[in-house]
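> Residue-level listing of the chains:
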Amino acid sequence: MSLRTQAAIGSCTALLLAGLFWTDMGRAPRVFANENRSEDYASPRELLLSPDGSRVYVLCEKSDEVRVLDAVTSSVIKVVAVGHVPRGFTLSAPGDRLFVANSWDDTVTVIGTKTLEVMATWPVGAEPTSVVADRVGKRIFVANRISNDVAVLDANTGAEERRLQAGRGSSYLTLAPNGAQIFATHVYPNPSSLRTGMENRTAPESEITVIDTARATVVERIPLHRIAGTFHVAFSADGRLGVAAGLHPKNLVPLAHVEHGWAFADTLTLFGADIGVSGTLPIEIPLDELEHYASRPFGVAIAPDKSRIYVSDAGSEMVTVVDIPKLMNFVRTHKGPYVQDLSASASYVVASIPVGQNPRGITLSRDGRRLFIANRLDDTISVIDTHLNGVVSTIRMDGPKSITPLRHGEQTFFTSRYSFQGQFGCANCHIDSTFDGLAWDLEPDGFGRDVVDNRLIEDIRGTEPYKWNGGNPNIPTECGVRTEKYFWRSQNYDDLTLADLTLYIRSIPLRPNRSREAYHALTEAQERGRVLFNRDRDNFGKLIPEGNRCSYCHSGLKGTSQKSFDVGTRKSNDNQGLLDTPQLTNIALTAPYLHDGSARTLEEIWTIYNPDDKHGRTNDLTKDQLNDLIEYLRTR
Amino acid sequence: MRKLFILAILLCAGTCVYASQPRMPRFQFENFTTANGLPDNHVFAVLVDGDRIWAGTENGLALYEKHVWKTFNTQDGLAHRAVISLALDPRSGDLWAGTMGGLSRVSAGRIESFTQLNSGLSNDVVYGVSIEGENVWIATAAGGCRLNTRTGHWSLYNERNTPMAEIWTYAVSATATKVYYGVWGSGVLEFDQKTQRWDKYDDPDGENEIVLFKDQGLIHEIVTSVSYVDGILWAATYFGDSRYDGRYWHNFLTKDSGLPSNFTNSVKGVDATRAWFCTDKGLAYYDGVNWAVYRPSLIDGKPEMTVRDASGNVSSVAVHSAPAHNYILGIDLQGSDIWVATAKGLSHGIHQP
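Those sequence lines, one after another, are chains A and B.
Under my numbering, read the first sequence as residues 123 to 758, first letter to last.
Under my numbering, read the second sequence as residues 8 to 360, first letter to last.
Treat each hint with caution, since some may be false.
[Said to hold, decoys possible] Simulated pairs of lysine-lysine, BS3-like, Cα-Cα distance not exceeding 30 Å:
1. 185/B to 275/B
2. 207/B to 275/B
3. 589/A to 372/A
4. 275/B to 77/B
5. 221/B to 745/A
6. 745/A to 201/B
7. 221/B to 185/B
8. 207/B to 745/A
9. 236/A to 184/A
[Unchecked claim] Where chain A lies over chain B, by a calculated footprint (3+ residues, C-beta under 8 Å):
10. 112-118
11. 147-158
12. 163-177
No lab work stands behind these hints: they were computed from the structure.
All C-beta atoms, glycine included, are put in the ideal place defined by N, C-alpha and C.
Please build the complete structure, drawing on both the sequences and the hints.
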């Protein structure tokens, strides 16, 4: 069957699926129609309501737009073009300006809400993902995912004042109800500072970074033990209860345990005065229930009367409703920890409301009566009546009515429905189609055997075979049989779904490399590093054997010869030493390194794990030269 | 009658001496040791962070906050137990600690450590650290480094790209205009931020211990500390100290100044005219004209403060307390108060009006 035929059948299948999921589609008027842009999906990611509740601002990640809707009629008031891949936005305190974080442009767009025109575009850090404004109109704060920090900008000029160290993959910011503090979360676990030699076998650590808004300094880091991947935070109106949505991976035990207690716990972390005084450890509570998992909690909102917590579950296509009094009673009367207890959530989860594909940002109307959910991968907004706990309307974004094979592949990537009991999906380990910064014990070959580092899947075409042992010759094998067998332990993809998933994975683009300026030559240090990368003689003038040169194994545009080598990194718990050569694309972003994630940094690959020069001739390098080599690698 | 006359003369003379004694700052010293919570009495460095005090000791990084000491050590992620230099990023509030085993960043309780194995840091022995904008300038036993905290880029400075004859950098003082390195055996290196060029200042006497050319250059090649403030470079060596205004050098030796010893561990410039000198024989303060020395007496250990005026007259001031030890390693200022790192404890000098 040709790919085109597959694509056509995929489209039909997807349309049928879409018809099944959409209960109230097509009511919104089409005002931005362009039939030629067959794949021009909006992909709504975040939502905001104007202070008077009359407008809904919709941040569209794929169409690079903010769509302004009438909150009553759902009609489009205006579409405002912003930067590339916008992922977060916020309103100024009086609501007169909208700040948009454009994650691939490294900019913030400022939109005047009266004119709905772009007022300014400001440069910020690497991959801005979220932005909040203080209450006094003095500063905005921007979470930069790649530079792992929060930039502090003048709210009127955009001039950057300072950078604050946040967690790794700094991504989501929330202003406390009193405006005094900002709470920042991050999507990748923090690297360990302790050198134990077993960093890849220790549980992940994350944090909620607390920033004093007036002083613009970090004042506290709330520890999130065993959590890797924290998303939105919400507060009760009185500011006494904070809630963070997060992922609690069980990467230290073989994934065979999917059947015996799941690979990820999908949790909420509770903190704040209702939980205890400052310094009290937060409480992590699971949302999952046996055969009813709340996969990948992302958006959070708390009812104004503090009766309910609403959580969008990005992988389970639903909104989980938590009863706060029941929850508080549960944590008061039950001794923790609760994460391993699949029966816990029955004590406080009172509803699970099906919504659209890949629900992300959520927001409540001021009276708490309506809950809006951005369904990113079916271009809809679900509106839930919070008294009825059900969807009462679905607003459809303007865009293609058909589901292309590529879109279906993306939906497949982000859903959890294919895994055993719907526990997790591809996007659990490949957050926003990247990676998760973890080393996993995947196969059922004993605890701690063949631990593998998770690799980036951007621009993956032409880097096969896959798996660290090079065992899978192509993506259909990697994502089909292997995934079904080892990961999902459940139903297989049908052929068309696998084809579409493959299509999507092969299409995942490479994020812009921030170490190499477009159209500019390498810096002096990078150029020196490039020469070292390609050298054939060592510092003593001795010829380096071909197989011991960086450029031999890491050849080609993507830095892989697509062959396997033994680079001397085999550990006693590894089944074999012959390893696939990983691609070097965006290598600077993907710590930890080596097949088992044992090298915390690029430097450690050579300073610790290459004693015999088997991983390239490097022991003759001076420290300056090693730094130059790494500067060059950061440009790949 | 004659006796009374002599007594009156003596009293008058004493009063005159006292009246002509320059008014130098006086302190009531409160000393901290392991007995009241300090993790180690050997305190290499001290840093004032608002109401909080950081102390780099031989056994951990100590934080004094709300009258309680808290210690961070290797189990908390600190690069090494011996903390020998400290710097505060005034913008973010992050503390940078140079240790005998790497560089640590302490940010609201989280410690991230950089070593020669896991980062671009040139050497794990970090003698000095200084913050300039988004750059962290580092003095190590194998040359200088600069970490750009925004890009993560490391720049190394050594004999290959600077006029550094030795790579044992002992101190660094960085500002937006100039960066100075004190090099153990290789004078002072100057980096001009505008031109991106290096310059070097040496002792015109070479490595001789004899001072042949006073005030014609740096006092000695073994530089232990540099402090650049208000366009003035203050440099400390084991053989005297220097002040450089960009044109003229002025050297300080025990024989012609109020320095209690030429062996100076560190210097902290207050402004263009005033500076504190930490020596092996006490703490010295220079106000541009006069000197004051604070220490336990070298003879009987009793608290001692002496003042030397511009004419070289030395007088004593009655005091009831002194720094914990006369081997002074570091100082920082907290308003009018001082905090002093010594070989046997940390001292808080509470200013006396």
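> Taking the hints in turn, state whether each one holds.
Status of each hint after checking the structure:
no.: 1; hint: 185/B to 275/B; result: holds, 16 Å
no.: 2; hint: 207/B to 275/B; result: holds, 21 Å
no.: 3; hint: 589/A to 372/A; result: holds, 20 Å
no.: 4; hint: 275/B to 77/B; result: holds, 26 Å
no.: 5; hint: 221/B to 745/A; result: violated, 39 Å
no.: 6; hint: 745/A to 201/B; result: holds, 27 Å
no.: 7; hint: 221/B to 185/B; result: holds, 25 Å
no.: 8; hint: 207/B to 745/A; result: holds, 23 Å
no.: 9; hint: 236/A to 184/A; result: holds, 25 Å
no.: 10; hint: 112-118; result: holds (count 6)
no.: 11; hint: 147-158; result: holds (count 4)
no.: 12; hint: 163-177; result: holds (count 3)
The structure is inconsistent with hint 5 alone, although it conforms to all the rest.
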